[in-house]
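Trainee: Protein sequence lines, in the order shown, are assigned to chains X and Y.
At the far end of the first sequence sits residue 727, using the working numbering, and the numbering has no gaps.
At the far end of the second sequence sits residue 158, using the working numbering, and the numbering has no gaps.
No lab work stands behind these hints, which were simulated from the structure alone.
Some chain Y residues well away from chain X (every beta-carbon gap over 10 Å; in silico): (1) D52; (2) S54; (3) G78; (4) V98; (5) V102; (6) I104; (7) D121.
Using 20 Å as the maximum straight-line C-alpha spacing, the simulated SDA-like pairs for lysine to any residue come out as follows: (8) K716/X x T140/Y; (9) K115/Y x G661/X; (10) K23/Y x V56/Y; (11) K656/X x V673/X; (12) K666/X x L651/X; (13) K716/X x V659/X; (14) K135/Y x S726/X; (15) K656/X x E143/Y; (16) K720/X x K150/Y; (17) K150/Y x A99/Y; (18) K135/Y x E658/X; (19) K58/Y x I48/Y; (20) K62/Y x E75/Y; (21) K150/Y x V98/Y; (22) K23/Y x L39/Y; (23) K720/X x L136/Y; (24) K131/Y x G661/X; (25) K115/Y x R657/X; (26) K115/Y x E658/X; (27) K150/Y x E727/X; (28) K656/X x L139/Y; (29) K666/X x L136/Y.
By construction, the Cβ of each residue, glycine as well, lies at the ideal position given by its N, Cα and C atoms.
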Amino acid sequence: MKPDITLFVSIAAIFVMLYCLYLVFSLKREVPGGMVGKTWNFLVVLVVFFTLGYLTAPFFSVIPEHLLRLIVAFIFFFGAIYVIITVKLIYKIIRELSE
Amino acid sequence: MPAPEAIPKRTSRGEEELKTRKYGLPLSLRRILILVDDVSSVAKLKDKAYGLNGIESALDELTGSGFLEIGEDANGVYLKERAVALAVGILGEEGQRVVNKLRDAPDDPDGLRGVLKSAVKLVKLTIDEAKAEELKRKADEILG
Numbered sequence: 629m630k631p632d633i634t635l636f637v638s639i640a641a642i643f644v645m646l647y648c649l650y651l652v653f654s655l656k657r658e659v660p661g662g663m664v665g666k667t668w669n670f671l672v673v674l675v676v677f678f679t680l681g682y683l684t685a686p687f688f689s690v691i692p693e694h695l696l697r698l699i700v701a702f703i704f705f706f707g708a709i710y711v712i713i714t715v716k717l718i719y720k721i722i723r724e725l726s727e
Numbered sequence: 015m016p017a018p019e020a021i022p023k024r025t026s027r028g029e030e031e032l033k034t035r036k037y038g039l040p041l042s043l044r045r046i047l048i049l050v051d052d053v054s055s056v057a058k059l060k061d062k063a064y065g066l067n068g069i070e071s072a073l074d075e076l077t078g079s080g081f082l083e084i085g086e087d088a089n090g091v092y093l094k095e096r097a098v099a100l101a102v103g104i105l106g107e108e109g110q111r112v113v114n115k116l117r118d119a120p121d122d123p124d125g126l127r128g129v130l131k132s133a134v135k136l137v138k139l140t141i142d143e144a145k146a147e148e149l150k151r152k153a154d155e156i157l158g
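Only chain X is shown next, with the shape it has when bound in the complex (with noise of 0.2 Å):
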């Protein structure tokens, strides 16, 4: 593992996925329920796994490369779920606050 701007950059990623993980734990004792509350709790599911699959980020160059692959699926995979759920849930509130 040496230091280049790839490290740099996955390195900044999971401190910035760690201020995320921060604030939907805080933030989820403004929203204990409701369809706010409830959609919620998917993205701190979400959020978690992110974290955990960007701290494999700077041991990418020593990770198998078929195992690699398959993180790389996975986080694009649930990447692409979060934003579905943060688009819905954007809409609900939108449609809830114009009635």
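Add chain Y to chain X, keeping to what the hints say.
Mentor: Relative to chain X, chain Y alone:
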């Protein structure tokens, strides 16, 4: 006849009569006018006036002749208190933000109605959808 929960308030004419006896109000009505403190509801005034007869008709008469008013403000304050109590009862500690929102609501029924509507949305989004429905239903009963 005023509702038991309504809060009568003295008008400027009522205040003037108390100070100057300008309008020559009969003693029985004057006693009731003295009892009105802008805070007590009709039901509470009845308790206070124990021994005095016909307080409701006296309140009607005083309102009709402009010494008292049971206006939107008085009713609004009362409605707001009921709305706050309702929110506390349904939401408990989780509903602190909603309760604060209702406490800051305007005293007039229309303003309160608007704040209640947005409070129900807040509950639906962030606390509990079933509790939001219950709050909406019971708030509608209060506000009519």
